[in-house]
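Asks: What follows is each chain in one-letter form.
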Amino acid sequence: RAQDTTILASVPSLTFPFFVHMLKEIKDEATKLGVATIDSDGQNSAPKQTADVEAAIVQGVQGIVISPSDVNAMAPALATAVENNVPVVTVDRRVDGVEGILAHVGADNVKGGEAQGEWLLANYPDGAKIINLQGQPGASPAIDRNKGLHNVLDQHTDKYQIVAEQTANFARDQGLSVTESLLAGMSDPPDVIIAANDDMALGALEAVRARNLDDQIKIVGFDALPEALASIRDGGLAGTVEQFPGGQSRRAVQILVDYIQNGKAPEENPVLLTPIVLTKDNLDKAERLGEVQ
Amino acid sequence: MQARKADRLTPLLQVQDISKGFPGVQALTGVALEVRAGECHALLGENGAGKSTLLKILAGAHRPDTGTITFDGRPVEIARPADAQALGIVTIYQEFNLLPNLTIAENVFVGREPTRGPFVDWKKLNQQAREVTRRIGLDMDPRRLVKDLSVAEQQMVEIAKALSMEARLVIMDEPTAALSETEVERLFRIIADLKAHGIAVVFVTHRLDEVMRACDRVTVLRDGKLVGSAEVKDIRVDDIIRMMVGREVELHGRGGRVAHRGATVLEVQNLTRMGDANDPHAVRVRDVSLTAHAGEILGIGGLIGAGRTELARAIFGADPIDSGKVLIEGREVAITTPQDAIRHGIGLVPEDRKQQALFLSLAIRPNLSMAALDGLTERLGFVSGSKERALVERYRQKLSIRMASQEQPVGNLSGGNQQKVVLARWLALNPKVLIVDEPTRGIDIAAKNEVHHLLFELAEAGIAVIVISSEMPELLRLADRIVTMREGRVTGELMRDRATEESLMHLFTHNQTAA
Amino acid sequence: MASATQTGETRNGGIDLFGLLATYAPLIFLLVLMGIFAWLEPRFLLPLNLVNVMRQVSIYGLLALGMTFVILTAGIDLSIGAIVAFAGLAAAAVAKGGLENRFAAGADASALGYGWPLAMLVAILFGTFAGALQGFAITRLKVPPFVVTLGGMSAFRGAALLMAGGGPISGFDPGYTWWGQGYLFTLPLIGRIPVPVVVFLLFAVLAHIVLSYTRYGRHVYGVGGNPEAARLSGLNVRGITMSVYVLMGFMAGLSGFILSARLNSAEAVAGMGYELIVIASVVIGGTSLFGGIGTIFGTVIGTILIGVLQNGLVLNNVSPYVQQIIIGLIIVLAVAFDTFAKSRRRRA
Amino acid sequence: MASATQTGETRNGGIDLFGLLATYAPLIFLLVLMGIFAWLEPRFLLPLNLVNVMRQVSIYGLLALGMTFVILTAGIDLSIGAIVAFAGLAAAAVAKGGLENRFAAGADASALGYGWPLAMLVAILFGTFAGALQGFAITRLKVPPFVVTLGGMSAFRGAALLMAGGGPISGFDPGYTWWGQGYLFTLPLIGRIPVPVVVFLLFAVLAHIVLSYTRYGRHVYGVGGNPEAARLSGLNVRGITMSVYVLMGFMAGLSGFILSARLNSAEAVAGMGYELIVIASVVIGGTSLFGGIGTIFGTVIGTILIGVLQNGLVLNNVSPYVQQIIIGLIIVLAVAFDTFAKSRRRRA
Ligand SMILES: Nc1ncnc2c1ncn2[C@@H]1O[C@H](COP(=O)(O)OP(=O)(O)OP(=O)(O)O)[C@@H](O)[C@H]1O
Ligand SMILES: Nc1ncnc2c1ncn2[C@@H]1O[C@H](COP(=O)(O)OP(=O)(O)OP(=O)(O)O)[C@@H](O)[C@H]1O
Ligand SMILES: [Mg+2]
Ligand SMILES: [Mg+2]
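Residue numbers (our numbering), protein chains in the order written: chain U, 1 to 293; chain L, 1001 to 1515; chain W, 2001 to 2348; chain V, 3001 to 3348.
Treat the hints with care, as some may be off.
Straight-line C-alpha distance at most 30 Å; calculated DSBU-like pairs for lysine-lysine [unchecked claim]:
1) L:1354 to V:3142
2) U:285 to U:24
3) L:1147 to V:3142
Label pairs and their calculated CB-CB ranges [stated by the list, open to error]:
4) W:2187 to L:1083: 15 to 25 Å
5) U:214 to W:2121: 54 to 64 Å
6) L:1374 to V:3142: 20 to 30 Å
7) L:1473 to W:2032: 56 to 66 Å
8) W:2201 to L:1272: 24 to 34 Å
Source of the hints: derived by calculation from the structure; they are not laboratory data.
For every residue, glycine included, the Cβ atom is placed at its ideal position computed from N, Cα and C.
Build the full structure now, drawing on both the sequences and the hints.
Replies: Encoded structure:
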């Protein structure tokens, strides 16, 4: 009966490598458990993801693994799913105000931002000047990661001074050009650049290198993409935040399939993985190290 | 419109000391105009004299810089078209002002559509439109879209629109330019009818015979200044011309031209072009055969919608043909695009200058050289600036095109000079066959005269010239031989000496083929 | 439209097949597409699914109605996505009684806030105002619509972000969410009909009547066909042009409200990219970007076509990447088909 | 084009102030803007910063050159962002010798791959091909450019995502990255001049020459100014229209290559939203969306203006939200100013 089980695997946007990886992991795990999947790309739009969920319900899927594009906006669609007795497991991001979500597996972005902050405290005990490269304005991961960073730093405003806070829209070229501009505008360079994702961090790295400031300025990204890991390995980025998307995804699928096939609800819920900052020293903890030759 | 018997002597409209400047041009300086109720008043002048500008001021399309307007004895302020309409000043503009995507009926009553509740009353609208269009002899389904009409048909819609209004003064800016004899006749009857109802008409034309036939008084402008006014009965055409041009212009002669027909250059055999596969009424050109000879001017005459333009376009490869052959110097040639036509030495000066010939966003130089660039191009596709300027200069002199500089935007040349630029574009390719469609539409007598003589010269130079004209005098003056068309068919052919207005009109309106 | 060409009648009153084909090309294309999807995946035809599709398109649809007016005047509006977000946030803020208590849950929210009627009103006012602002720039500063609304796209998005302080506002009372999630009545076979669908169809009928049977509507066509001529014919071209952007703004405001109700949340990134989807829908529906030609009927079809496309591809589990490729191709093909059909009709 | 309208020369050969104003309106606007930024933040004028700005705009600039040709024919191309990503990935794949070893670091990469010359070639071929495809749909299927390239935008992005499988390809050999990060020579006061800037300026000069002095350029203006007249003058309207999209594709391909070299990485999301920035630049430069009017000089100014705007706002550490609002307003104002200046000049 495993064969005729089909689940929906939906992520916020496949334009971000992070979610591409997440989707891939979900599918792999599903295949391993002999479960078919329907893929869905939210295309950064709650209505689009809602449409996909609704279509899947029509399709008669037995379960849904989803990383909601928005905590609130996806609630109605997932509520419908629950009403139709389609079990839902959320990954990475929660959904608010829906009764009867089977489980949430995640390491939320605020914690990730906090991890970046903690890394600062640890590595710059006596303070630092910081450039904060924020993600796409208004997008929930951008908001949460930024919030996390501030949660930590705002308690030590005396020592840790954010000299510039600009958005680079999660995009590498803007990470580069914005950093270029900021550096040109500063009499003395900052100590650290904190970026809300690896793309922007890697862009910033190119800018810093171009000014030969790479040994003065440390850069921390977010998402632990293989490219970032490679960069850390080769002494580029100082670090990145690992949220174990693969682990989350696999765990989520296991929980869901276990419930569908054996009616067993998970004992622990929510399943929370604490994000960590990866550096040269603990690179071995990186989930996707394997993908880096 | 209801009759109002008005005292014929007190002026209905009095315009004093009007000046209007456009950036770079002073279009009008201290012009005055006086129009009496129930008269037809001709406003004359060369291209660019300021006629349309003055009329647009009366219509509320332009604001004058200075000057006063008195209407019905009261000083009035005409700020926008609506004001003019409120006063009963109705205008037929020189450039068409129809809404292409609306029906004939909607265009006639635009802004005044009969409504039932919040809705347009279509039945009433169409039936009222029918009445008006019938009155001016345009018998067509009022639900047809205006964009599907020919130039002349559109002009008739304009007239219908004007007549449908509560008019006291009807302004007509070159209404006959796009019309052929029969419509012109009809228009004159309409004007007479208007006068009878005490409605005044201001009439602009470049055809002076029309002034003599239909108008009571004339006012002449030159270079935006008033030259004078006169009673038509007191003056002769030559006087008017002297007022307009400031010198004598020989009008009727053929410049001592004697036709000597050379070898056959162009031969068209059984050419047919369907307008639309599934609408038999739309056949544009049916089974037309004709020949054009070197050194000869061939005229093609007909009423509007006769298919002349369509024939010209088909020969030139601008429209696809459904059957028939085209031979150049005896050899059959395949012409499917204008490029083909040009390669085989055919040129076409289209009927609608602004829409089909001019590049209004460009200067005179690129406009004139556009078709001839190949000849001016050197290595790597570079256009030789010197050669190009030389070319433009040559034709400026040859055609005496009045321009300030080659870099002047072609848009602010007068109609006549614009037409010369277009002609020059084709002469620069020295074609074997030159087809000119309505070559003098909307250009003044002096310029017209020059264009005519130019066409004579071209024929002398051994080019086969084909002239399409809706103006019979022009046809009779220019052509050595005239082919007549009706409903897409050739209805006859006359040598010049045998052709008269009567014989032509007969062929335009009857189907039998004369020798 | 009571014009010969649009009703597919020939001059001589008979029936003109090509005319009909030209008029109904988008519909034919839609039906073919639906046929294919139904054949590949019978579930596609389930009433539940079709109702879903209709609800999904209803917001695009509302926008497309306004866009039809804009494009008929040969204009364009790229700012609607931003206005949707902007208006949605405004409505949410009102409903929550200010930005402070943005996450207060449903129950007490209604207590704090000013209720949905005011919220809806404010959303519409914001949208209309935004539209008027752009209409002003277009008619008075004489800046082409593409540029003005490109600027507006950036400016209003910025305004929305500023207003939201980046964060979403969510959790509205049932009266509010009813507008996006509620149902109005139940039809036999089909089932419950969602509110947004009804709103969309109501406005569609209204828009059709206005465009085809009122002076104003006819004048919109006129202005689109030839502005200068329209002016000289005594039409108030500026006013009419202004009005279509105001109308578009009104629709965007309303859509913003309904979207927030549907998602039970308003955020600054809402509505991103809607402008292109909506313009595509309108053009697929046979409206000419050069103005003067187009119908509401076509727009409705075009909107549904895009919705069916997205739904059908997901239903058939097509890879998301491939989906984008197919959608791109279909958009071009649909318009190509329409153009071809029109060209076979009596040439203008 | 060297017409009175552009060179501000009057009929009587004298100097026409309004003509000049009209010609140089964008430049004037740019200088004013730079003045303001310099006043707010003196570091804005540092050679280093100005060089940065030039490098940042060089890629938009290359695209804007192609877009000028397109818009001169009254066309538009919304697909360039997607093509940039697509071409960049193609180049990267070649340089890395396939998608497998996408993160292999610099050194060994060169060993594996086929080197930058082939990579560059492939990027340009991909771009050109994409352009040709769209040109075909526009000239043969008679689908309006807006629609075709809207479809292309979706389709090529999908293709890029498919190709990249979502992940970036990065780490190229020095020969490759030189095209984005290298320097060609050093100027006295200014300092080292980046390669992309030189490439941009070279192509700008080339484009200017082609448009102003060659038959082809003339034909482009002709087709844009009045297609029907162009056809009747024996111009190959289809061919010319086709060519501008091919040209645009070529530029997009080249830009994709240079962008990947600059970022030392290629990804499917590269170039998102470039189309609008680029179109804005061209229009700000005084090119008319209705075709037939425009200059390369204006486009260069327009591009720099956008770059200066973004850079200046960041330098002054303006809130990102407010930045979007300001950029939106400036775009409209710049074009309004240009329109006004032109309207005061003798009408063409
Ligand atoms: N909108 C305008 N902008 C600039 N110049 C204009 C404009 N309209 C007319 N002109 C100029 O004003 C002068 C008078 O033009 P107008 O059209 O009144 O002449 P006209 O007597 O009607 O000529 P025609 O017999 O060819 O119609 C011309 O030099 C023309 O170039
Ligand atoms: N653009 C058009 N759309 C539809 N029908 C047209 C169009 N132009 C002309 N026709 C029709 O084709 C026939 C021939 O028109 P055409 O213009 O060739 O006549 P013509 O002899 O050139 O007269 P004129 O040029 O003075 O209008 C007429 O029935 C006319 O109504
Ligand atoms: Mg005139
Ligand atoms: Mg004709």
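Asks: The structure should be examined with respect to each hint, and the outcome stated for every one.
Replies: Taking the hints in turn, this is what the structure says about them:
1. L:1354 to V:3142: Since the Cα atoms of residue 1354 (chain L) and residue 3142 (chain V) sit roughly 24 Å apart, the hinted pair holds (cutoff 30 Å).
2. U:285 to U:24: holds, 20 Å
3. L:1147 to V:3142: holds, 20 Å
4. W:2187 to L:1083: 15 to 25 Å: violated, 55 Å
5. U:214 to W:2121: 54 to 64 Å: Cβ of residue 214 (chain U) to Cβ of residue 2121 (chain W): about 56 Å, so the range 54 to 64 Å holds.
6. L:1374 to V:3142: 20 to 30 Å: holds, 27 Å
7. L:1473 to W:2032: 56 to 66 Å: holds, 59 Å
8. W:2201 to L:1272: 24 to 34 Å: violated, 50 Å
Of the numbered hints given earlier, the model fails hints 4 and 8; all others are met.
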